[in-house]
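A.B. asks: These are the residues of each chain, in order.
Number of protein chains: 2
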Amino acid sequence: MNKNEIIALKDEASNHLTNELLPFWTTRMKDEKNGGYITHFDKDGKDTGEDEKSLIAQTRCLYTISSAHRAGYGNGEYAELAKHGINFLIDKMWDNEHGGFYWMLDRKGNVKIDQKIIYGHSFAIYSLSEYTLATGDQRGVEYAEKVFDLIQKYCVDTMYGGYWEMFQRDWTLNGPGSAGGDRKTLDVHMHLMEAYTTLYECTGKELHRRKLLEDIDILNIRINHPKYKTGIPQFFKNWTIAPQIKFDIIWGWDRFSEEGEKGNATDNTCYGHNAEFAWLLIHALKILKIDPSTYSKTFKIIFDHTINNGIDYELGGVYVEGPHSGGVSDKEKEFWQQAEVLIGMLDGVLLFGDEKYWEAYKNVHRFVFDKVINKGVGEWYALLTRKGEPIWTHMGHSWKINYHTVRSMIQSIERLEVVLKKFD
Amino acid sequence: MNKNEIIALKDEASNHLTNELLPFWTTRMKDEKNGGYITHFDKDGKDTGEDEKSLIAQTRCLYTISSAHRAGYGNGEYAELAKHGINFLIDKMWDNEHGGFYWMLDRKGNVKIDQKIIYGHSFAIYSLSEYTLATGDQRGVEYAEKVFDLIQKYCVDTMYGGYWEMFQRDWTLNGPGSAGGDRKTLDVHMHLMEAYTTLYECTGKELHRRKLLEDIDILNIRINHPKYKTGIPQFFKNWTIAPQIKFDIIWGWDRFSEEGEKGNATDNTCYGHNAEFAWLLIHALKILKIDPSTYSKTFKIIFDHTINNGIDYELGGVYVEGPHSGGVSDKEKEFWQQAEVLIGMLDGVLLFGDEKYWEAYKNVHRFVFDKVINKGVGEWYALLTRKGEPIWTHMGHSWKINYHTVRSMIQSIERLEVVLKKFD
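Read top to bottom, the protein sequences are chains A and B. For the first sequence, numbering that gives the first Met the number 0 assigns the number 0 to the initial residue and increments by one for each residue that follows. For the second sequence, numbering that gives the first Met the number 0 assigns the number 0 to the initial residue and increments by one for each residue that follows.
To be clear, the hints were calculated from the coordinates, so they are not data collected in a lab. Wrong hints could be hidden among the right ones.
One copy or two, it doesn't matter: identical chains are merged, so the pair holds either way.
[To be verified] Simulated crosslink set (SDA-like; lysine to any residue; CA at most 20 Å straight-line):
#, residue 1, residue 2
1, Lys204, Gly174
2, Lys9, Gly352
3, Lys204, Trp170
4, Lys204, Leu172
5, Lys91, Val110
6, Lys152, Trp170
7, Lys145, Asp169
8, Lys288, Gly203
9, Lys204, Gln114
10, Lys355, Lys421
11, Lys152, Asp169
12, Lys204, Gln167
13, Lys107, Gly48
14, Lys152, Leu206
15, Lys145, Trp170
16, Lys330, Asp311
17, Lys152, Glu205
18, Lys204, Glu96
19, Lys9, Leu349
Bear in mind that the values here come from a model prediction, so they are computed numbers and not experimental data.
All chains should be modelled from the sequences, with the hints used to inform the complete structure.
C.D. replies: Okay, structure coming up:
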């Protein structure tokens, strides 16, 4: 770890963020005609015309542009683009009758899927709070609190704890199985932690602090593997492990068999999620003003699991997933896992000062800049072979947008600056 | 069990209810000057002048008079008296700033204790729903739902399940120990079942049904003793048993040592609560349209525990409490336990057709009519010696009102009529 090396990596990230990544979106995403954001782009960055606006893509774009503005990028010009996005969310996606946001609209704003999906609502809280923190416009936190209140009212399992996740438009809980009404997931509980952190940062309210602390306990005590501290994807209501199934409402492309069940359905953990969980918890503790060393044993176990199993030391980058006890079952490379492991490894460096996390960071950084970034276009490929050949080549989609990539660069640059001061 | 015997008992109860008990209250309770109800009466039924109006006494009076109206008593005249009570609740006890009801006012309506106590709020939901069912006035259910929503938002422990119970005026959770902020109780979770049952009866909403079912699970799985099915009074947040302590905010007179802890602090169960739980659950299942035989093993264990341990076959009536595994530790007689065991034993008769529950009913009925009722005055003594000599002689107080006595008579008469048809 030397000064020039750190500076070089930081400059590479800064250049990518300010000259490639952010411009990719800010020059394309504004839907002047219908409001909100256009989110579907092919490998050349051309609008594919796909006629949908998903709750997660709209809220993630709002988060991205708000957070970039708050972090000082864009010379103050991003606030207007953020406002453009929140207007669409409030005017078109909000259900004035039952409360909450619709899951899917077409570009014009007509409702295509009216279910209330908590995964999407966690990003609503996250992005709306970030928007208020970035711009001062109180509409963000006003709607973030409306969503928070709806979740407390309709989604908590008051018997076993945790949240139900999939509902009809009127907040009637969905049926079991692929309808999702009898499952609890790592995904939702982790993104609620992320959302409640920023909500609490924005409001300072005791209630938001309390629910954040409870969700942190859910993640540590119920969701993470008791020994390996790795995330377990799906549970039944009483927190027994559920085989990983594909839901009717999806928010990503995942590889299931035709029967909709994973191979190794009950023994999968995902390196990107684990590293993301760790750094999000470190961030939550910072906002809560709790010493991160409270959980340092957990962080060490997670980061070591990541570097011992998730990093491809031969060809670079982060694998998809493997068993909790170690080893790899899927060696392809997903864009978002690279993004999250970058931040996680830098937190490992900052927390433990251990060179091995720095080596892992550099490995993934190199893989991202050499293979994942679509050169000359500016965004990242969604999925690559182990060697780094693009498989899915779209730049934007309802399930693949700017939140992981832009956040990874903003957060990594911030951490590299601290590393520079601390270890130089 | 013969026809004349049943009729004689039913007539005795009817006569007491219509000629003594209801008139005791309807001739005294209306506070013409300040609104709401006067609730403090000495052994002769004279207003003691005590300058307080408690949330539980006001809501319980509203329940009592509304339920009597709905059951057909009072020739339609009670609706007005119920309306008089709800007006005070809404105009004076409701906190327009933070939502929820204050715990204690003086007679004029000035706030004496502004804490938000869920025990009291369970009776708010119960009585406000009963009021709408009785009168059709929608203000009742409107405020019942407001309280329900506040409880979902502020009181659920989303990690371990169940509800937190004691809050500051602004719904900040109280501190630990006697402030109550780290305890979960049988009392609150049982009265929430009672409240949610009537709320669901009133609204038919899926959410209210769902939360009722979850609370039933909490009671059966967390709160009742796994073997004896007897209620355990207090728990810590993760449902380990907490020693029974006295809280700063009380809603009854209980006998604690000067240190505020019970003798046998971790091994007490109360016969009146157990019987009350059982019949309230039977009633809830009826409203939910679930066959009570789903829980018949539990009901049998509870009713047998009551008759094997709680009934004083020598001197009559129901003891206060004893260990879960059997035996009695406190042989005095509390009015409300008699009231609840009467209903429970009749449900035992109806569910199992077993003569032993009928014998227990008759025992307690006789004790109530011979010893507990304050003859010529019309209400019941609050506490008596084992032999039936009055110890606490007040007829009304913030912690001792008409809800148990009137409800016991209304519910017993209804059941005696069914017994008459079924077993005659």
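A.B. asks: Now tell me if each hint is right for this structure.
C.D. replies: Status of the hints after comparison with the structure:
1. For the identical chains of this complex, Lys204 and Gly174 are inter-copy neighbours only, at 16 Å across copies versus 34 Å inside a copy, given an alpha-carbon limit of 20 Å.
2. In this homomeric assembly, Lys9 and Gly352 come within 20 Å of each other (Cα to Cα) only inside a single copy, at 18 Å, whereas the closest approach across copies is 80 Å.
3. When the C-alpha separation of Lys204 and Trp170 is checked against a cutoff of 20 Å, the pair qualifies only between copies, where the shortest distance is 11 Å, while the shortest distance within a copy is 26 Å.
4. Within a single copy, Lys204 and Leu172 get their C-alpha atoms only as close as 28 Å, which misses the 20 Å cut-off; across copies the closest is 12 Å, which meets it.
5. Within a single copy, Lys91 and Val110 get their C-alpha atoms as close as 9 Å, which meets the 20 Å cut-off; across copies the closest is 44 Å, which misses it.
6. Taking identical chains as interchangeable, the C-alpha atoms of Lys152 and Trp170 lie at most 20 Å apart whether they share a chain (10 Å) or sit on different chains (15 Å).
7. In the homo-oligomer, the alpha carbons of Lys145 and Asp169 lie at most 20 Å apart both inside one protomer (15 Å) and across protomers (18 Å), since each shortest distance falls under that limit.
8. Proximity of Lys288 to Gly203 under the C-alpha cut-off of 20 Å is restricted to the intra-copy arrangement: shortest distance 12 Å within a copy versus 44 Å between copies.
9. Taking the closest pair of Cα atoms, Lys204 and Gln114 come within 20 Å of each other only across two copies (18 Å); inside a single copy the shortest separation is 29 Å, beyond that limit.
10. Taking identical chains as interchangeable, the C-alpha atoms of Lys355 and Lys421 lie at most 20 Å apart only when both belong to the same chain, with a minimum of 17 Å there against 79 Å between chains.
11. Proximity of Lys152 and Asp169 under a CA criterion of 20 Å is satisfied in both settings, with 12 Å inside one chain copy and 18 Å between copies.
12. Within a single copy, Lys204 and Gln167 get their C-alpha atoms only as close as 30 Å, which misses the 20 Å cut-off; across copies the closest is 14 Å, which meets it.
13. For a Cα distance limit of 20 Å, the shortest separation of Lys107 from Gly48 inside one copy, 12 Å, qualifies, whereas the shortest one across copies, 67 Å, does not.
14. Taking CA atoms no more than 20 Å apart as the test, Lys152 paired with Leu206 passes in both settings, with 14 Å inside one copy and 9 Å between copies.
15. Proximity of Lys145 and Trp170 under a CA criterion of 20 Å is satisfied in both settings, with 14 Å inside one chain copy and 17 Å between copies.
16. For the identical chains of this complex, Lys330 and Asp311 are intra-copy neighbours only, at 8 Å inside a copy versus 73 Å across copies, given an alpha-carbon limit of 20 Å.
17. Taking the closest pair of Cα atoms, Lys152 and Glu205 come within 20 Å of each other both inside a single copy (17 Å) and across two copies (12 Å).
18. With identical chains, the CA atoms of Lys204 and Glu96 are at most 20 Å apart between copies only, with a shortest distance of 16 Å across copies and 27 Å within one.
19. Proximity of Lys9 and Leu349 under a CA criterion of 20 Å is satisfied intra-copy only: 15 Å inside one chain copy versus 78 Å between copies.
When each numbered hint is compared with the structure, no violation occurs for any of them.
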